[in-house]
Amino acid sequence: MTRIRFQQSLEELKEKLLEMAGLSEQAVQRAIEAYREHDLSMCERVYQGEITINRLEREIDQAALDLLAMEQPMARDLRFILSVIKINAELERVGNAAKTISDRVRNIEKMAVAELPVNIPKMASMASEMVRKSLQSFIEADAELARTVLTMDDAVDAMNKAAFKSLIKVMEEQSQLAPQALNALMISRALERVADHATNIAEDVIFWVLGDDVRHHKSLLREAAQQGKSGESAS
Amino acid sequence: MPLPACWCGRLRAESRRPRIKNAGIQEKGLRISAGEKKLKNEHKIRAKFRALSDGAATGLAVLATILVVAPLVAIFAYLVYKGANSLSWAFFTEVPRPVGVVGGGMANAILGSSILLAVGSLIGVPVGISGGIFLAEFGRGTKLAHAVRFTADVLNGVPSIVMGIAIYSLIVVPQGHFSAFSGGVALGIMMIPTVCRTTEEMLLMVPNAVREAALALGVPNWRSVLAITVKTASPGIITGCMLAFARVAGETAPLIFTAFGNVGWNTRLDEPISALPLQIYVYALSPYDDWHRLAWAGALVLIVLIVLAVSLVRYVTSRGVLKGAS
Amino acid sequence: MGVGIEVTTLNAWYGSNHALQDINLNIPANHATALIGPSGCGKSTFVRCLNRMHETNPVARVTGTVRIGDLDIYKDCNPVEIRRRVGMVFQRPNPFPTMSIYDNVAAGLKLNGYSNRRVLDEIVERSLKNSALWDEVKDDLKKKSGASLSGGQQQRLCIARALAVDPEVLLMDEPASALDPVSTAKIEDLIFQLKAQYTIVIVTHNMQQAARVAGKTGFFLNGRMVEFDATDKIFTNPSDKRTEDYITGRFG
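Protein chains in written order, with the working numbering: chain D, 1 to 235; chain X, 1 to 326; chain A, 1 to 252.
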């Protein structure tokens, strides 16, 4: 096999990214557990993990840059390294989202316990599932699996919108619970962003495996529709 | 740090993939073993042997060069010793005196040689170069080329006396008289093989890239051969001509039955003509001391003239090349 | 102005070696097209079929059609005419060793009978300017011999020589492979500028070079053309696995 050193470097890059992935996913799970169990020590562990995630992000970007400069990768290899760089950024933001959730949890702990009409753990498990699936599709270079992640995003978006509506209602009708509701809202938003990041990761995997850029599918459709309309009005 | 169980399994599986063995260079310690010491000594002995054999080879080469140059120097020195005192203005301007009379020169022989060589070159050089061009550029690999090469080689080996007799039968007898023309033809034919083979060799040495460059410009093949390939090889071709010239300049045997020699002045092509080698031959075989002295002088002059002619051509052509002839 | 090249069912042999098999290709006018492939794949042979230089080998044979512009080069004209319209630059710079720089550039014209001094001067200057060599040699045009220049300069001299006869197509067989990175970069910039006026076909071992200069790239393998597509597609997402194996270096 030729270019064996290069292929080894690619494997090492992949492993590093998977290490980072593990940490990011773990961070989200810990943050949600902190919310469920009202466990502040969990929040601490999230913050600790954040440091490692940031370090790994820099290392992965540096390794990818070196490979681009030194090995002149082409085709599949080039798309792989590009995807790694993007997935790297997404995972770091997942870590940030986990940190946001932890911040909100710490905030909530100072307040009274409140029953809110929003199923944070369910959203969290869906978002986690999306992250896990997208990373699985990366490991296995499975574009089909990545596509299933794209369809799950709508469900999470819907849940977030519903949470928004019901929490606003709570804030209007039970204003003493407003602080808790606000924090819960922010947690819901953070989880919705985690789902978005998982979607982006899946899109990057599809780009790597198939060479297809499937991003912003909806906005492209909207643009095409708009152009169609302006074309009609012009003629 | 504890990772989610699903990831641990994945990472371990990835690590189990085979790595390159011996990917890094092992650094040995600084101790020198006994085996290594022995190796070092062997290197020293080998190095000394190499220096010695190098010196010996250089010495042999110098010796061989001396052995080659020495006869030339010796001959030249001897000629100078024997013939220099007989050189005089008269030698270069007067024709031979009758037998018994002292004095005279070889002016007619010098002129005669020049005319014969001019005729010979006019025949030998164009035919030889054309033959060489054909062999190298147009006929490569053909049966005709093989035949031509074979003929040239055979012609090269024909003894000069045989050449003289052949031209005698072919030209002198039908014409009914000896002539400078027949002498020139004999010399010319003797020049052909050398010129032809050298031209072929020199043309073959022109790199194919030069030919291709010319062809790729849309230059027809014949033009490319003449204007580019031949021009590139011209220094070598000229050397070949010089070699042939120098060889036939000293030929005596073919001239005996063709040019025949002439005690008087002659510039016509259809009459017998004198030549330096011929004259030297006649004088050397004669019983007269005077003529012997003239023969030595003639031999010296012959060699000097050949050297001068070759140097002149070299000078003229090298100047032309440096100028970037357009 | 350049013209397009249309190749149909081209087959070429060296004796019994079937060097090119059923090549079909449309090379666009006024573009640079790169041909890549491993050693011995036939890309050089293909390019030499485009200006009938392949025939200079006594055991060479060609079947099929090559149309340059509207001319079938194997039927409608003889090799010498074609080579005036299709210029070639070789892998190793090969200026004529006995000629000055001026004479080298003018060689194609002089050897075909042009002798008007003024016209030749003009063409030599224009060709040397077009090949980015004018400034470096304008003072020594007739004094320096072609062979006294550096490698990169010699190659640009050969390009100028090819341009002087005003071809429509310029074939370049690994033109920068014998040159250092700076000379290579100069030649690549040159190709980029030249493609506005000529159709350029460049054979190269160096894929990064193909990526830098060519709009379309063809991948040759074992005498066949495997894939021919836009260069950025070939190098980011080729359709054929063999192409991908080659360009990622995973051959064998």
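If you are wondering where the hints come from, they were derived from the structure by calculation, not from laboratory data. Please note: incorrect hints may appear among the correct ones.
Calculated pairs, DSS-like style, for lysine-lysine (alpha carbon to alpha carbon, straight line, at most 27 Å) [stated by the list, open to error]:
#1 D:LYS14 with D:LYS86
#2 A:LYS138 with A:LYS110
#3 A:LYS138 with D:LYS86
#4 A:LYS110 with D:LYS14
Listed below are several chain X residues computed to face chain A (Cβ distance under 8 Å; list not exhaustive) [what the hints assert, rightly or not]:
#5 ALA209
#6 VAL210
#7 GLU212
#8 LEU217
#9 GLY218
#10 ILE228
Each residue gets a CB set at the ideal place from its N, CA and C atoms; glycine is no exception.
- Item | Unmet hints by their number, sorted upward, for this structure | Numbers 3, 4, in rising order.
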